[in-house]
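If you read the sequences in order, they're chains H and L.
Reading the first sequence from the start, the letters are residues 1 to 621 in my numbering.
Reading the second sequence from the start, the letters are residues 1 to 621 in my numbering.
These are computed hints drawn from the structure, not numbers from a lab.
Hints may be right or wrong, so weigh each one.
Straight-line C-alpha distance at most 30 Å; calculated DSSO-like pairs for lysine-lysine [unchecked claim]: (1) Lys582(H) with Lys126(L); (2) Lys46(L) with Lys483(L); (3) Lys143(H) with Lys357(L); (4) Lys143(L) with Lys357(H); (5) Lys122(L) with Lys103(L); (6) Lys63(L) with Lys126(H); (7) Lys21(H) with Lys62(H); (8) Lys103(H) with Lys193(H); (9) Lys143(H) with Lys122(H); (10) Lys37(L) with Lys59(L); (11) Lys182(L) with Lys166(H); (12) Lys182(H) with Lys103(L); (13) Lys143(H) with Lys182(L); (14) Lys62(L) with Lys90(L); (15) Lys483(L) with Lys582(H); (16) Lys149(L) with Lys582(H); (17) Lys551(H) with Lys454(H); (18) Lys149(H) with Lys182(L); (19) Lys582(L) with Lys166(H); (20) Lys17(H) with Lys90(H); (21) Lys582(L) with Lys149(H); (22) Lys126(H) with Lys582(L); (23) Lys511(H) with Lys582(H); (24) Lys90(H) with Lys63(H); (25) Lys182(L) with Lys122(H); (26) Lys166(L) with Lys182(H); (27) Lys511(H) with Lys549(H); (28) Lys582(H) with Lys166(L); (29) Lys90(L) with Lys63(L); (30) Lys182(H) with Lys143(L); (31) Lys357(H) with Lys549(H); (32) Lys182(H) with Lys182(L); (33) Lys149(L) with Lys182(H); (34) Lys325(H) with Lys103(H); (35) Lys143(H) with Lys582(L); (36) Lys616(L) with Lys454(L); (37) Lys182(H) with Lys46(L).
Computed spacing ranges between beta-carbons, pair by pair [as the list claims (entries may be wrong)]: (38) Glu521(L) with Lys166(H): 41 to 49 Å; (39) Met1(L) with Lys166(H): 53 to 61 Å; (40) Thr239(L) with Arg574(H): 52 to 60 Å.
Predicted, not measured: the structure shown is a model, and the values here were computed from it.
Positions of the beta carbon are idealized from the N, C-alpha and C atoms, including for glycine.
There are 2 protein chains.
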Amino acid sequence: MEIRILNGKTIAAEAGKSIYKTLKDNGVYLVSSCGGKGVCGKCRVKLIEGSARIESTGKLLKKEIEEKFALACKTIPEGDVLIEVPEESKLIIGDKIALSKTKDLLEYLRAIDPALTPTVRKIVLKLTPPSIQDNTGDLERLKRALGEKGIHDMVFSHAFILAMPKALRGAAWDVCLSYTEKHEAIGLSAVCKAHHYGVAVDIGTTTVVVYVVNCADGTLVDAGMTYNSQMRYGDDVITRIVYATEGGGLQDLRNAIVNDVNDLLAPIIEKNGIDVEDIDSAVISGNTTMTQLFWGLDPASIREEPYIPTVNNYPVWRAGTARLKINSQAPVYTMSNVGSYVGGDIVAGVLASKMYKNPEVALFMDIGTNGEIAVGNNDWMMTAACSMGPCFEGSGIRHGMRATEGAVESVKIDLSSFEPSLGVVGNTTPSGICGSGMIDAISELFLSGAIDQKGKLRRDLGTDRIRTGEEGPEFVLYRGERKDIVLTEVDIENVIRAKAALYAGVSVLLKEVGLSLDIVERIYIAGGFGNYLNVDKAIMIGMLPDLPKEKFAFIGNTSIAGAYLCLLSGQMRREAEEIASKMTYMELSVSRGFMDEYMSALFLPHTDIGLFPSVKGLYKK
Amino acid sequence: MEIRILNGKTIAAEAGKSIYKTLKDNGVYLVSSCGGKGVCGKCRVKLIEGSARIESTGKLLKKEIEEKFALACKTIPEGDVLIEVPEESKLIIGDKIALSKTKDLLEYLRAIDPALTPTVRKIVLKLTPPSIQDNTGDLERLKRALGEKGIHDMVFSHAFILAMPKALRGAAWDVCLSYTEKHEAIGLSAVCKAHHYGVAVDIGTTTVVVYVVNCADGTLVDAGMTYNSQMRYGDDVITRIVYATEGGGLQDLRNAIVNDVNDLLAPIIEKNGIDVEDIDSAVISGNTTMTQLFWGLDPASIREEPYIPTVNNYPVWRAGTARLKINSQAPVYTMSNVGSYVGGDIVAGVLASKMYKNPEVALFMDIGTNGEIAVGNNDWMMTAACSMGPCFEGSGIRHGMRATEGAVESVKIDLSSFEPSLGVVGNTTPSGICGSGMIDAISELFLSGAIDQKGKLRRDLGTDRIRTGEEGPEFVLYRGERKDIVLTEVDIENVIRAKAALYAGVSVLLKEVGLSLDIVERIYIAGGFGNYLNVDKAIMIGMLPDLPKEKFAFIGNTSIAGAYLCLLSGQMRREAEEIASKMTYMELSVSRGFMDEYMSALFLPHTDIGLFPSVKGLYKK
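When you get a sec, could you build the whole thing from the sequences and use the hints?
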């Protein structure tokens, strides 16, 4: 008996075992807030072929059931089955790229701050056991031992004191006290374990990434990624702010993101045999709205002029307050924001890029649902943000997906026949197209003359690759047995709007500081898809400025990289806070120049072709 | 239509209005945790005469219903009724003695610490409203304004930040910030109100007293008193510790006492038109077990050798954590303990007595369910505790009651006829006997020869005042229409055990410091019944040491008095903490001498009559 996943693995199934459990046991993780109890409705899969016993359909809609959706945790195969796992049901656990990346970061960290300094500290305290002669209170006994180590200002919460008497006696008065940087007691254990863990979280508008790190040696234990399930309430931050404030859905949004993080953590904890109580610190990185929603703070003022965040420099609260399912007393550090639209993720990015340490002027771009730009050096720094929409993260695009197995990541189109040849992640059957694939495709379509400067498909080329689909004109990238992979004119429009916003942002920001592009020595491209992007193609469509290729550096997801650095180092946390306070924030939405620049950039590559000398003449008129 | 209360007021009843509501509207308050919803079962009254519509009997037992008990909140008179309100159902609100007492305390306080300094402070902050040019976060804006006032170390909780954006905008950026002594932000309001309130609480093993104080001018707004409803789980601290630990009833005990405090506060808040949010600080005073139960801390180690409390010097936590129904962010200060059996109530008492300020050696005795003794002066202080049982608080005695209306408080017995003449609080029909009444009665019975040195009633005196009742021999103090008021031999035994424990404690403590009684210049008697006690009679039965009457001073409930002082003054809090740390605690239960002294004191007045020269020869052999 087998479970075959469309465009994926084939797994041996056991009789009586749910699809959810079988997949999990074979390293394919599905989203599940309820842990496989049929309650949360997140582990939806499509049962394409074969028969299965469906124990419950939980919260599934009638329409979904008709479309053959089933809850993987409540569906037990009764023979061979073929299933399709929708993108939003997937958890990606175990990221090899992350593993190699963190090795470099750790090396860098060790050079700056040789002893790792997470937000939680540990100290061994040998207390004199009480006697009739020495009958002071438990807390006073603990304080006395701390005093002998020179610590006199420890703060004790009610929760700590509740657990203290048992812990002290259980450890025979020889205990390990963990406490925060600010000397707030966290917990007592019998020994200071050699390994304790921290969690770094990148909350993107579209995707959520989690690293579980061994805080004793700094190594990455595991990593996971999933879609931000706030997406059901809106694609971008503005829609979600509206939902939170006008729709009263603040708690929905908070629950969605907190559950996503917990859903990612659960299988990592299980897979690696970690004791949840040993995860005793966390760092959260995200844009201003994301962190505000994570903490349940009303984001209303972010959206209303003069665009004010509730907090830029977050106090360190506890995991219990955050509702994270790790040690409830674990300190949760939040990356500092610069302003309403440049958040802690960008501060983390600048930190990871190291551009704030060098005298050369660098340009930093984080390409996600929001495009954030920073320009500057070790002396000054300026930043701004623009809304790009989720197209480069595989959302809002007909066949969009993340750069995971089955994603079309590169496209070459024959100039005369218009036949495409595709590069697919994992060299497998294509199941969608990721950000770099879209940029490739559009630049190739433009180069071959299949689309015009406005991104409209030409209908007079005599190729059946261009046809009319449900949403209008589309280009067929791949003809599949079950479905074709297409790029629609609407998709192309979305990409053009996104690239125009980014380019306009860069232009306005440089103008504001009175600099021209040639002074920029280095361009750091951050964001989930940063590793696969073809610079020439991105310049071709006018997304990136026309600068020599060697100036570009792709640095991947720097939000999580910065969070990882801050999870392990007090020095890094102080530098991140300094970056946040040093950056000058420019509000593009009130800039007179921005709209003009944006309108000019809505062409391929740009209304002013003089800005793109290397592109000029390459494409058919 | 009238409601007549046995031994109490007669109140006009309205058709359709419950007994609970009618009584409340006429200033007679019953215990009710549920606010009159028929759920908590605490407002039990006995319906002696008349008919009433009983809407529900809630949690009442079958036996209670048969005994004519009803829930006052679910019982509506249908004509004149006569009810009996059991002691445990009564809340005493509005205590005139307390009012005059606090005036003296306030005068004393003003002399030491002219500006009142409660645990909560207030500051007016005028923030610059945000603009595109000045677009920092709300928290950073607040911190900036605080920095301008020289405050740079304020700590902000998640709860505070959640409420902050609305509060800032609601007050048009001109706000009043309240914060704790340790610079933890509590809340924001549009103006710093002229009046805000604090609550001082004395948690006795048997009774609970609450003061609501205007923290702006220090005046007492109102006071209330009730029985500690933990009594249903045991009369003394040891029984309750057993219930908490072996019976797993820690949460029951915590809920009981917290509800009692909230039950006392609710009618005071309503009666005085106070906004609950304006009650923004509290001080808790009680013995070590009581405060530990109040905070939900397992008291197990208090009972097991070497008798260790969890905390002596409590951190200041919040009202929300304590589950007090006042401003949830209000700091709750707990009086420091000395040890497991000498708690914050005694520290409060020593503070209120001022004995720690004078060079003369004084003896302090707090007579309640526990007897605590302190001896010392401004240079040294020694303390110990003994268990007396609740007899002096009107519990565990057949017709025992507190010194409220209807209590027999003084007794004179004719030496030949054995006929008693009674002094009754409020000069009304007697309904029970309070502590001072019992001491009077026993000393008079002893003087008249009606009881022997062991407290046994003589049966050969030819008076029908001595008879055999349900529990054995008893003396009839009052022949009532409905019930007689008696003092049983069991009652007398209880009192003798209590007085023996107290006297033995004093003896052992003085021996420990190598002092004799004549060095003691002053004896402070604290405790609920302290105001009514006849010293001669108490010496007669061997309860108080045989010293000149002018050395004795009755100072009433000093636990609440000390709590009141600490509620209003930082200086007082520091002095109380110093008292607690300075006192040497002696554990009587492991003292070899204590049991001998106790056995010797189980006689009237004592085995060694030489210790009571003034008593010798007064009584019939």
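Item checked: Hint consistency between Lys182(L) and Lys122(H) [alpha-carbon to alpha-carbon, up to 30 Å] -> Holds. Lys182(L) to Lys122(H) sits at ~25 Å (cutoff 30 Å).
Notebook entry, point to check: Lys143(H) and Lys582(L): Cα distance at most 30 Å?
Noted result: 17 Å, holds
Next item on the list: With a cut-off of 30 Å on the C-alpha distance, tell me whether Lys17(H) and Lys90(H) pass.
Entry: 19 Å, holds
Note to self: Please verify whether Lys63(L) and Lys126(H) have alpha carbons no more than 30 Å apart.
What the structure shows: 56 Å, violated
Margin query: Hint check: Lys149(L) vs Lys182(H), CA-CA at most 30 Å. Holds or violated?
Written below: 23 Å, holds
Check: Between Lys325(H) and Lys103(H), is the straight-line Cα distance small enough, at 30 Å or below?
Finding: Holds, at about 27 Å.
Checklist line | Pairwise hint evaluation, Lys483(L) against Lys46(L), where the allowed Cα distance is 30 Å at most | finding: 14 Å, holds
Next item on the list: Assess, step by step, whether the Cα of Lys143(L) is no farther than 30 Å from the Cα of Lys357(H), and give holds or violated.
Entry: 29 Å, holds
Item checked: Consistency of beta-carbon spacing, Lys166(H) to Met1(L), with hint 53 to 61 Å -> 58 Å, holds
Check: Lys90(L) and Lys63(L): Cα distance at most 30 Å?
Finding: Judged against 30 Å, a Cα distance of about 21 Å means the pair holds.
Next item on the list: Given the hint that Lys582(L) pairs with Lys166(H), test it: the Cα-Cα distance must not exceed 30 Å.
Entry: Distance of about 28 Å is within 30 Å: holds.
Check: Taking only the CA atoms, is the gap from Lys90(H) to Lys63(H) under or equal to 30 Å?
Finding: 21 Å, holds
The structure fails to meet hints 6, 12, 15 and 37 from the earlier list, while all remaining hints are met.
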